[in-house]
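*Asks:* Read off the chains here:
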Amino acid sequence: MVKIIVFKLGEEEYALDIEFVQSIERIQPITRVPNAPSYVKGLMNLRGNVIPIIDLRKKLNIGETNFTDHTRIIISKYEDIELGFIVDQTSDVIDVSRDELEMELSGRMEFDAFGGIVNFSGRLIILLKMEELVKTEVK
Amino acid sequence: MDLNNYLELFIEESKEHVQAINDELLKLEIEPENIDIVNEIFRSAHTLKGMAASMGFDDLASLTHEMENVLDMIRQSELRITEEIMNVVFTCVDLIAKMVDNIEQGGDGTEDVTEIVRKLQSIQNPSIIHDEERVSAQNEAATTKELVIDEFQRSIIQEARKLGNHVYEVYVKLDERCVMKSVRAYMVFQAAEDLGEIIQTDPPVEQIEEDQFGDSFTLLLLSHHDRLKIEAQLTNISEVKAVIVTEKTEQELGNTDKQNHLNPNVTDKPRKGKENQKASETKKKPVTKSIRVDIEKLDRLMNLFSELIIDRGRLEQIARKSQIPDLIETVEHMTRISTDLQGLVLNMRMVPVEQVFNRFPRMVRDLAKDLNKKVQLVVEGAETELDRTVIDEIGDPLVHLLRNALDHGLESTDERIANNKPEEGRILLKAYHSGNHVFIEVVDDGKGINREKVLKKAIERGVISEEESYSLSDQQVYSLIFSSGFSTADKISDISGRGVGLDVVKTKIESLGGTITIDSTPEQGSAFRIQLPLSLSIIYSMLVKVAEEIYAIPFNSIVEITTNSDNEVYTLHGQKVIQFRGQVVPLIELKEVFQVPQVESPKVNQPLYIVIVRKGDQTIGLVTDTVLGQQEIVLKPLGRYLNQLQGISGATILGNGEVALIIDTNQFFNEKG
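Residue numbers (this note's numbering), protein chains in the order written: chain A, 1 to 139; chain B, 1001 to 1673.
With the rest of the complex left out, here is chain B:
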C-alpha cells in the first residue's frame, strides 16, 4: 500500500499531537509534580514517534524518541523537572512542529536535530545507566523491526486489567482460497476493535496490509467480553476458517516478553500510530464515531444548499399565487425540512474556536518571558462554535489583540507591585454566543487606556482636531486607537505597536461582517469585544424597494423601521435629519446615493420608509420607498471584477430569480468621516 495515502492523515494527527503536547506542557509548567500530565505527554510523544517511524521520517522519529526518553525518566521519577528541561522540551516540540510543517509542504521533514538531541541526551545522561535502553529503543524507532511489548503497552495492559479487562491472544486462520486476505484481515481488525483494543499483531500490521502473511495471524486483544463472545464475533466474518482465543495471564505475558527477547523472529510490532492513539483516547471517553470530510466538499454542499433555498423562495411565491392547497401544504413542509437541513449544514461547518485559541497559551507564555512580565492567560468558552470561514480569518486579529494586551495593556511587574496589584497580570480570552452572534473578548487587568494620552496622540497625528477632542465620549476616544497610523506606546517594541496593527484588526473584523468595541477603566484594565455573525453565507435581511429596484439590508445592522409621516424631517446644515427617540438621526436618500432612475409618476403622498441602521453607537436612517418584508438570503460574492462598489457588499438571488444587491450599511458611516 502506498504510504502517500496515509500522509495526509499522518500530518493531521501529528499536528493534533504536537498541539496536545504543547497544551500539556503548559499545564505541566504550572503543576510540575503531576505525573498524569507527564503520562499524557508521553503518550502523545510515543504515538508521534511510532507514526513518524512507520512513515519513514527518521529525523522526526529519533527526535521524538529522545524526547520520549526524557519524559519517561520524569514519569519514573528518575528525573526532576527543571526550567531548563522544560525549555529544551519546548524547543524540541517547536522543532517537531517545524518538521511536520515541512512534510506538509512536500518536504521530507529533515532538520538538523543533532544539537537538540544532544541536549536531550545530556539531560537523560549524566549517568550511563539508560544508555543500553536508549540504543535498543533507537533501533526500534529507526528500523521499526524487532520489538517487545514496550513500556507504554505494558502500562495499557496493566490499567486495562484494573478496569476488569482481559488480555486475549487471538489466533485467526483465513481460508486458504481467500483472494484478498488483507481485506479480510482488516475486517477482523475492525470487528476486534469493536470488542476491545488491539495491542499487538503478529505479523505487524503493515505486513498484513501488504498481504505479506500466510493464512493466519495473531492479535493481542484487550477486552472485557468473554472468550466465547470474541470467538463467535470473529468467526462470523466470511472466509475466516478458524479462531482460537486464549486468555493470557500476567506471567504468561511476561514470558512472551522474554521469549520475544530471545527470538526476534516471532516478535511483533505494536500497531503504532492510530492504534495507540485510539487506545489512549478510548480510555478517556467513549468513542464517538466521526469521519473527516474535505472542507471543499462541505463548501460545495453549502453552495448546493443555497441554490435550494433560492428555489424554495421561488416555490413559495408560486404556491401563494396558485392557491392550490396541496401545493401550499407541500411547500410548507418542504420549508420546514429545509430549515432543519439548513441548521444541520451550517452546523457541520461550525468549528470550535478552540482550534484558534489553543495556540495562544504557548504564545502568551513566550511573549511574557520576552517582556519579563508575569501573565496568566485564562481561556473561557473555547468550545464556542463559529463558521469555518470565520475561524480561518479570526486568528491574526486575536494574536494582535493579545499582543497588544500583553505589551501595552499590562504594566511591568514593578509597576504592578507599586500599584498594589497582584504581581501576576491576568488576560482573559473569552468566547460566547448571544443571539445570532458570537462574541470574543480579550480582557486585561492592566492600566487601562489613558484618555488624555490617546487624545494628545490623535491631535498630534491629525486624526482629530483639538476642538473635536472636547466633545468626544470615552468610547469614541478609545476607538481612535483603531485609526491607521496610531500607536500610543512610548517605546516601539517588537511585540506590537509599530503604528500599524489595530486598524488592521478593525478592518479584518469588519470584512467578516463583525464589529469591535473597547471598554476601559483607568488602572483596572481594558476589554476589547469582537462581535461576529454566526454564519457568513446565509443572512437574514430586510428587502426594501427604492423606485423599482429591490435592495436587501442585513438584519444585524437594523435598529428600527419608521416612516417620514411619523417623524418630521428637518434640514440641518444641508443635511436632512429626523428626531428619533431623543437622537438626531441623519438621513441618507438611497435614491440619490445609488442614482436610482426615477419612475414616471412618483406617488407624492406615499409615506417614505426610513430604515434606521447602526454602527457602534452611531445611527443613520436610510430612506426607501417601500419595505417588502424580511427574508433569508444567500450571500453571493460579486467577484473580483466588481470589487469596490460603494455601499454594496454583495448580491443575492431573489425568489423570482432576479438578482438583488445587498447594502453595506457600514460604508455610509465611513463616508461621513
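With the rest of the complex left out, here is chain A:
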C-alpha cells in the first residue's frame, strides 16, 4: 500500500506520494524572484528556511492559481531539494494499492510529471512524479 495526498487543481484531482511531503501550509507572503521561470512564484519564509514556491497549475500548464481561502502550499522534499507547491485545495490522504497505482497513461495524456492514474472508488486522480517536478528546465 502507498499513502498519497490528494489535492485539487481547479476541478481536477492530483496526488503526491506522502513520502515526499513534509507539511501543508497556508499562504504566506511570497517574495517574487526576478529572472526565474514563470512557474516559480517566489520565495517563502518557512520557520527560518527560505523555500522556493512553485505554482503547480502553471508548472503543469493548466492556468494559474488564484488565491482563495482554500489555497494551500504543500511543502515537499526530494533528496536535498525543498519546494512548496501551490494547490487550490487539499482534500484527503488515501491508501492505494500498487495495482490501483499502475494504471498506465496512454496517448495524448503523456506528460513527464505524470506517474499514473489512480481510480479511487470512481474518482480519477493523477499521481505526480516528484522526481520530475524538482527538475529545473534547461534554458
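If you are wondering where the hints come from, they were derived from the structure by calculation, not from laboratory data.
Straight-line alpha carbon distances no greater than 27 Å define the calculated DSS-like cross-link-like pairs of lysine-lysine that follow:
# : chain 1 : residue 1 : chain 2 : residue 2
1 : B       : K1241     : B       : K1181
2 : B       : K1508     : A       : K135
3 : B       : K1591     : A       : K58
Chain A is fixed; fit chain B onto it per the hints.
*Replies:* Quick look at chain B alone, frame taken from chain A:
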C-alpha cells in the same frame, strides 16, 4: 571498552603528529645539528607508535618504530644526518600519512612497509650493535606487553627532576565493594593528572579501563607537589580506601628498571598515546582546557543563532512601533547580548589558516626539488583566523598560486645568478586581518609578469582585440591571466600551466565572496592578493527598495550612495552614466534587470538613489527608489532548485518575516564583459 570509540581520536591525533613531524623535519633540514628538533620528532614518532600499537595497527607501529630507532640514533649522535636519511624519513612520513588516511576511510591501515623498513634498517645497521635493542623494541611495538621505563620516559623523568619535580610511586587501593572500579580508577587518574604527570601505571591503563584489575593499582607520578598533598587529594575521591605515596630516587628507579627486566610479570606499560603526548605538550606550555566539538554541532549552533538574529530584528520593529519603554529597554539589552553572542559564535567557527598553511612548506620543498630551483618559503600570519567554511575551500586556490609562483614566477637558478639576484628564490605566504576582511598574499621575488607577453597571448587567444590592448592599465593586463584558457608559460609543465588553473582560482575565490588582485614589477616579482570576508553567513548589507520590492546589497561591495538629483545623468552610446568623483560610472536600473512590476502611480519628482558598487577598479551605479538603511542579515542559500539566478546570490529573512533577495553585484560587471 570498544576501540572504535577511540578511532576518531586516534586519527585526529595521528594526523597532528604526522603534521608535526613534517614541520620539524623541514626545520631539521635547515638546521641538521639541532638536537632539540630531533627530540621533538622523536617524541611525536614515539607517541604515534604507541597509539598505533595500542589500536592494533601493526604495520603502522612497526614502521614508526623503525623510524623512531633511526631518530634515536641521530639523537644519541650515533648517526649523522645525510640527505639520504632525510629523504628516507620523508618517504616514511608520507607512507604513515597514507596509512592514517586509509584507516580514516575505514581501511585497516595495512601497507607494504617492507621496502622502507629495510631502508630504515640499513641506515641504522651498518653494524649490528643495535640489533638486540631493536628486536626487543619491536616486540614492544607489536605486542605492547612487556616494557620497562623506556628511553623516552627516562628522559622525561630526568628533565622533570631538573625542573624540581619529584617522582612518586602512588599505590591506590579501592574499596572492594566498589561497583565500577574502572570509573573510580579513571577519577584517580584525572586527579593525579591535575597534580602532575602520570608516567606509568601498573597494571596497564587498558587493563584498568577494562576493569581487569583487583582492588588496587600503582601509578608512577611526576609532580612538584609534596607527598602529603597528593595523598590528601587522592584520598578525597570516594570509594578510594587507601593511598600510599612514596618518593622514588634515581637509584630506586634504576632498580625497578632492573627488576622489571628480570620479572616481566610485574612490569607495566607506559600509558601510551595521549599521555605521552600530553607530557610533551605540558612541558612546552601551560595546559589550556579545550574540547573537541563536532563541526556539525557548530553549524547547527550557527543556524539557530541566525534564527535568533531574525527574531531580534522583528522584536526591534515591534518595540519601535509599540513605544513601550520597558519593552524597548529589554530589546536593546537583548540586542547587546546577542551581539556579544554573535561574536562568540562566529569566533568559535574561526580556525587559524595555519591548518591550511602548514602543508605548504613540504609541498614547496618537494616542488622545488622537482623543478631544480632553490626556494625559501616564508610564512607569515599563520595564526590569522578565518571562518571554517572558508578554510575548507581556500586550500586548492592557494596550492595553485604557490605552484604558479614556483613554476612561472621564479626564474631558474642560472637565470637568477645571471641577473644578480640571490640564488635562492623567496616566496612569501602571508595572511592578515584588515577591517572586515582577511587578506592572503602570495608574493615571489621572481621575474614578474611580462606585460607584452600577456598581451600577445591574450590577442592570440582572442581574449581581447589588438586595439583594446593599447588602452589597458597594467592591472587590467595582469588580470587577463585569470581568463580561462590562458597560459603564458613557454613550456607546459606538470607543475602548473596547462592553461586551466588561474581562472579556476578566481572563480573559487569569488564564490567565497572574495576578490583577487595582482601586483607585479618586472624583474622584482609579483604579488597575488586575495581578499576574503571574515564570515560567510552573517553579512552587513544595505537594504534598498525598488518599487515595492526590498533587496539587500552587501556592504563590502558598496563604495558610496548618491542621488540622481546631485548628479546629472547622461546617455553615452545608449548607456546611462553619471559623472562621479571624476569617473564616468555606468548605471544599471534594477527595475529593468529585475523586471520589477511597476506600481500604479510612480512618484515622478522623487530623487532616485544610486548605490555605487565596485569590483576591482571598476565601478557601476545601481539605481534604486529608496535606501532603507543598513542591517545585519543572515545569508540563506537558495538551494539547488534556483541556483543560477542572474544578479542574485542568495536570500535573507527580514525583521517582518518576509524574504528579501541579496544582490550579487559582481554579476553586473561580468555582464558588461
